[in-house]
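Produce the complete structure using the sequences and hints provided.
Listed here are the chains, written in short residue letters.
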Amino acid sequence: MEEVLRIEHLWVEGRLPGNDYVPIVKDVDFTVRQGEVVALIGESGSGKTTISLAALGYARPGCRISKGRILMGDKNILELSNKEKRELRGRSTAYVAQSAAAAFNPAMTIDYQVTEAPVLHGLMKRREASARAIEIYRRLDLPHPETLGRLYPHQVSGGQLQRLMVAMALSCNPNLLVLDEPTTALDVTTQIEVLTAIKEIIRQQNTAAIYVTHDLAVVAQIADRILVLFDGKVQEHGTTGQIVGHPSHPYTLKLMRAVRPVPKTTLSVSDSQKPEEQSAGQPLLRVKDLTAGYGRIKKKVVLRDVCIDVPPGTVVGVIGESGCGKSTLARVIAGLLPPISGEMSLAGHALRPKIKMRSKKELQRVQIVFQMPDVALNPRQRIRDILGRPLEFYMGLSSSHRKQRVHELLEMVELSRNLLPRYPGELSGGQKQRVNLARALAAEPDLILCDEVTSSLDTLVGAAVIDLLNNLQEQLNLAYMFISHDLSTVASFADTIVVLYAGRVVEQGPLQSVIAPPHHPYTRLLLSSIPELRPGWLEDVIKSREAMTAISHAVEIIDVGCPFFKRCAMAMTGICDLQNPPLRTPVSDHQIFCHRDIADLQKAAVEP
Amino acid sequence: MAKLIIRRLLLGLVTMWVVSLMVFGTTEVLPGDVATAVLGQSATPEALKAIREELGLDRPALIRYIEWLGDLATGDLGKSLATGRQVTELINERLGKTLILATLTAALAVPLAIFLGLISAVFPGSFIDRGINTGTLALVSVPEFFIASLLVLIFAVILNWLPAISYITADQSLLKMLRNLTLPILTLTASIMAHMTRMTRTAVLNVTSSSYIEMAILKGVPRLQIVLRHALLNALSPIFNVVALNMAYLISGVVIVETVFAYPGIAKLMVDAVSTRDIPLVQACAMLFCGTYVGLNLLADLFSILSNPRLRIPK
Amino acid sequence: MNEPGVTTRNEPRPNRADDEFDTERLAITGPRRLELGTSAWVGIGILLLWLFVAFFGPALSPYDQGEMISYDSFSPMGETGLLGGDFIGRDVFSRLLFGARMTMGLAFIATVLAFLGGIILGFTAAAAGEWVDQILSRINDAIMAFPSIMLALIVIASLGTSTSVLILTVCLIEATPVFRLARALGMDISVMDYVEVARARGESVWWIVRREIFPNTLAPLAAEFGLRYTYSILFISALSFLGLGVQPPQADWGAMVRENLMGLTYGSLAPLIPAAAIGSLTISINLIVDAFLALSNRDISEEMI
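Chains as they are written, first to last, in numbering that gives the first Met the number 0: chain A, 0 to 607; chain B, 0 to 314; chain C, 0 to 304.
Please keep in mind that the hints were generated in silico from the structure rather than gathered at the bench.
Keep in mind the model is a prediction, meaning the values are calculated, not measured.
It cannot be assumed that every hint is accurate.
[As the list claims (entries may be wrong)] Below 20 Å or equal to it, Euclidean Cα-Cα: the simulated EDC-like pairs (lysine to aspartate or glutamate) are: (1) A:Lys-360 - C:Glu-195; (2) A:Lys-353 - C:Glu-195; (3) A:Lys-297 - C:Glu-129; (4) B:Lys-2 - C:Glu-129; (5) A:Lys-359 - C:Glu-195; (6) A:Lys-353 - C:Glu-202; (7) A:Lys-359 - C:Glu-202; (8) A:Lys-355 - C:Asp-289; (9) A:Lys-355 - C:Glu-129; (10) A:Lys-232 - A:Asp-26; (11) A:Lys-353 - C:Asp-289; (12) A:Lys-355 - C:Asp-71.
[As the list claims (entries may be wrong)] Some chain C residues close to chain A (C-beta under 8 Å, calculated; not the full set): (13) Trp-49; (14) Arg-179; (15) Met-191; (16) Ala-199; (17) Arg-200; (18) Pro-214; (19) Asn-215.
[Said to hold, decoys possible] Which chain B residues face chain A? A few, computed with CB under 10 Å, are given here: (20) Glu-45; (21) Leu-47; (22) Ser-208; (23) Tyr-211; (24) Ala-215; (25) Gly-219; (26) Val-220.
In this text, a Cβ means the ideal position worked out from N, Cα and C, and glycines have one as well.
Written as structure tokens, this is what we have:
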């Protein structure tokens, strides 16, 4: 196979405030051959995006390519004139960005943007380009290909938009395709569709591709060769089989362990062992028939009839994809959003819906930790003040007591005291999230609501935070409501799982029961959508999904019937869409809301 | 989208209503009773009382307010107290002159300002950009009366190319009219252009840090197209707003130019009305000015909504 | 959580200090340093000069502001005074120094008051709730709809031409855009997660505004203060030019331009000098504000080819 791209001794520098440059990519070499997919794996700061952009001869503002050669054909991209570089882009090379919503111009139609590159580079006239685009839409399995182009980006769903970006990249039939985390921002279930589409079309066009990601499992499905990056250097490289099958470098090993954490279930001793927390005594938090929504006069209902119990000192994992209402749940429990109807109680006493109505003690016992570390901490407050305030507010500690306690808190979250006089802007994402956690701990709560606390963090950093949460939970006998879209993370950590879909609880129960069949059809879909670390998984899933006919529909919130109706392979028209699904309990404590009976659900799980 | 537009319209109406309250309220506060202004200082108390009754000034304020609002709605702006003529007549005389000046200035200033702003945005940090930046900075910092005076000094007094007083009549030739209006047009252009140029530049540059601009670069779209098509389309809203603001100024705020060049426009009309305590005229002019401002802003908002696909076509 | 025989992910944790793959270590530490260009320094220089004049000018002035130095009008520069005489024979230079304190001082007080009012009302509108916000915003819009000179005209015609009325008028007019800015900032920030955290904690609205919202608005508000100050100066000068502002014989830059306008025809620079003073002051502030705002801009234009 002929070589499409050769990168030799690439060095890229980034500019620090103060006009000094430090290297962020150090002496990287690799090649990409025609029809081959080379994956660049690493976390943030590893330089993977910088390298992929350099392949296009582009450096982000604040960066410069300082040394090395990037050869395409026989030309060194770095030595081309501006005009020649422009000609190369969008024509021989194409880029697929991480967030399609940000990469599409909101003021232009999709068709204009998809056909812009070929028309610009003089390859074809607009009419021909539009016709070709429709062809590509069809091959990518997009709905209504003939009229899709006339829409604006905001009218199209996330998964479709991502595929449209692939279409845009392929419109010129490039030699090299650079994909920068194209599925990271998507739901797990949507990811499958997009991954398959990408893989298929690369195969058809025989394009060379660079695939940047942090997810080893995704990479195992699509890449032929893998480069593992850390701190701007290549740590390990080889074929997919080699890396995934026998990783040798310690960093690679670390990544692999973090990517697919072992669920508690597979190592449990016996089934009959019940979690001992279900002792006599009331749950710490009880949520009953909770319905909540947004809007002033006519409310848009986001959660419906949710019932959850959190026993003291346990971890309840709440799983759902975007739009399922899980963040709303956290906000309602925290008192930030009064529910439309339903009750909440904390250790037997009713929990008032609004913060104003709750006592300080009640507020203290339930704390919330948000997802984005960047906006969860006030950029104008020093760390010691951020941590000191809850101590002052809830407990009225004097200044010297506060100081001591703040030191203790920092130790609990494994941060150094050096950070105290700093501002949040000077901390890394993981450090900020730990401060976030420490702030919650300062109140000495019984329950911490963790709203997607690791979703914005790198895998390794997030894994370390989960470790921390685990240890703290044991030490302090805390209860968590751990909200996430990432089932594998939750499964390593939670005692009970609640599965939310379109604002309703569709299944809940002890971890082992939920993960093993019988499942609610949605849970089954979720479980099967988690990419496994073996090549060939993708093809297997597609086959079984065709049996499951899980069409990618947008999540719809409805008033009656089962919300999963339109996506369910086992749906029964006339029943599932018109009546609310009844409760099934395969074992006590395990609830599934489905019209199908347990035997059917059990059978479905066995079939491929 | 229709909902958005209706909402904006309603907001505009509410604002105008609050304006009417303010206008009526402030004219109530003007000292020097109308009656005194009409009859003079030496009027007897009885004569004043009689005049007040005749003009209906002794009735409670609320009733007079409602009556006034009603009259406004039907287009009856009342009679000028100083001259006895219909207010509508007075305004019409001057309105034409103001509109001529405003239109000619706008025709020059708006395209020029946007053009310069775009050039700065296409080559930020370049020599041209810095030149335009310095120029607009200077214009924005210098008082309008100074620009007017300086232009008069140079072109009317020293060079004697153009007249210092701008006198136009209906029967003038177009060329003569333009010649008479050149200095005020130049003054006003200098005054409003700077603001619009800077806003255009800022609005477009703000957009260029978006991800879709980076995407366009990676597709090989050349610089000019990126700024003029990809970026500009998304920067229209603040540009519309700044243009509307300055258009409103051209109609209602050009007191200084009208003073320096003795130009018989509406602004001067209102200044005179205030000094003679000609209440109906003051009220009518104030409502006209505020209505213009609110109306132009509404128009700008409308264009913003229309130009933004996310608002034009909801999901 | 530990069931016997179960190996969870809780392996003995490696000491973070010697974990060579700890990405946390790579975080950029240290605050950003400020870089100001030459134009900003020029602006700062001029501003400092004028501040000095505003404070010490009248004490250092060679003549009093009303003192006659010549029987002729518009006596030339150098002969009778540093910058010549004005239309009735007073020293332009001295009047310039006195006028500095007047113009700059009035504008400053008016801007400070405008900011106090605008910020308090703006944050209230952002934090208090739908109805309060609507009422305040409509009133604000109505005031903004008035052409500023007209509004000043009506107020001054009603209440007279004293300095307090002047300050009040300017304050009212300048407060409206400050309200808009404060309200917009307040609304942007109040949806940030850290504000939600404070709310969830149970903090009072006042505490949230003071400790969470306000510190994050300092930068844009500071820039706006500079701009509003220049507008105040220009506005007061314009009013004085029309005879509505500072009354004679008090020295004020705008009034000086008006008084000496005739001098243009005689070739005197008397009207140009105070205008140049106004211009230099406002340019200097604008330069500083420009540089301040430019600190946060990303330069992607280098990559556009």
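Results of checking the hints against the structure:
Between Lys-360 (chain A) and Glu-195 (chain C) the alpha-carbon distance is near 19 Å, which keeps this suggested pair within the 20 Å criterion. For the hint pairing Lys-353 (chain A) with Glu-195 (chain C), the CA-to-CA distance comes to about 13 Å; that is within 20 Å, so the pair holds. A C-alpha spacing of about 16 Å is found between Lys-297 (chain A) and Glu-129 (chain C), which places the hinted pair at or below 20 Å, so the restraint holds. A threshold of 20 Å between alpha carbons decides the hint, and for Lys-2 (chain B) with Glu-129 (chain C) the separation of about 19 Å falls inside it, so the pair holds.
Using a Cα cut-off of 20 Å, the hinted pair Lys-359 (chain A) and Glu-195 (chain C) holds, with the two alpha carbons roughly 16 Å apart. A hinted pair counts as satisfied when its Cα atoms are at most 20 Å apart, and Lys-353 (chain A) with Glu-202 (chain C) qualifies at roughly 13 Å. Straight-line distance between C-alpha atoms of Lys-359 (chain A) and Glu-202 (chain C) comes to about 10 Å, which keeps the hinted pair within the 20 Å bound. At most 20 Å may separate the alpha-carbon atoms for a hinted pair to count; Lys-355 (chain A) and Asp-289 (chain C) exceed this at roughly 43 Å.
At most 20 Å may separate the alpha-carbon atoms for a hinted pair to count; Lys-355 (chain A) and Glu-129 (chain C) meet this at roughly 19 Å. Taking the CA atoms of Lys-232 (chain A) and Asp-26 (chain A), the gap is near 7 Å; set against the 20 Å cutoff, the hint holds. Simply put, Lys-353 (chain A) and Asp-289 (chain C) have alpha-carbon atoms about 45 Å apart, too far for the 20 Å limit, and the pair is violated. Pair hint Lys-355 (chain A) plus Asp-71 (chain C) does not hold up; C-alpha atoms about 76 Å apart against a cutoff of 20 Å.
Taking 8 Å as the C-beta contact cut-off toward chain A, the hint placing Trp-49 (chain C) at the interface is violated, the least distance being around 31 Å. The interface hint given for Arg-179 (chain C) is violated, since its Cβ lies 22 Å from the closest Cβ of chain A, which is over the 8 Å cut-off. A cut of 8 Å between beta carbons decides the hint on Met-191 (chain C): the least distance to chain A is about 5 Å, and the hint holds. Interface hint status for Ala-199 (chain C): upheld, as the beta-carbon distance to the closest one in chain A is roughly 5 Å, under 8 Å.
Look at Arg-200 (chain C): its Cβ gets to within about 6 Å of chain A, closer than 8 Å, so that hint holds up. Hint status for Pro-214 (chain C): holds, given a least beta-carbon distance of 4 Å to chain A, under 8 Å. A hinted interface residue such as Asn-215 (chain C) counts as satisfied when its beta carbon comes closer than 8 Å to some beta carbon of chain A; here the least separation is about 5 Å, so the hint holds. Against a cut-off of 10 Å between C-beta atoms, the interface hint on Glu-45 (chain B) is violated, since the closest Cβ of chain A lies about 60 Å away.
Proximity of Leu-47 (chain B) to chain A is violated relative to the hint, the smallest CB-CB distance being about 54 Å (cut-off 10 Å). Because the closest C-beta pair between Ser-208 (chain B) and chain A is about 9 Å apart, less than 10 Å, the hint holds. About 4 Å separates the beta-carbon of Tyr-211 (chain B) from the nearest beta-carbon of chain A, less than 10 Å, and the hint is met. Hint on Ala-215 (chain B) holds. Least Cβ distance to chain A is approximately 7 Å, under the 10 Å limit.
A least Cβ separation of about 4 Å between Gly-219 (chain B) and chain A falls short of the 10 Å threshold, and the interface hint therefore holds. Given hint, Val-220 (chain B) at the interface with chain A, holds; its Cβ is 6 Å from that chain's nearest Cβ, closer than 10 Å.
Violated hints, in rising order: 8, 11, 12, 13, 14, 20 and 21; the structure is consistent with all others.
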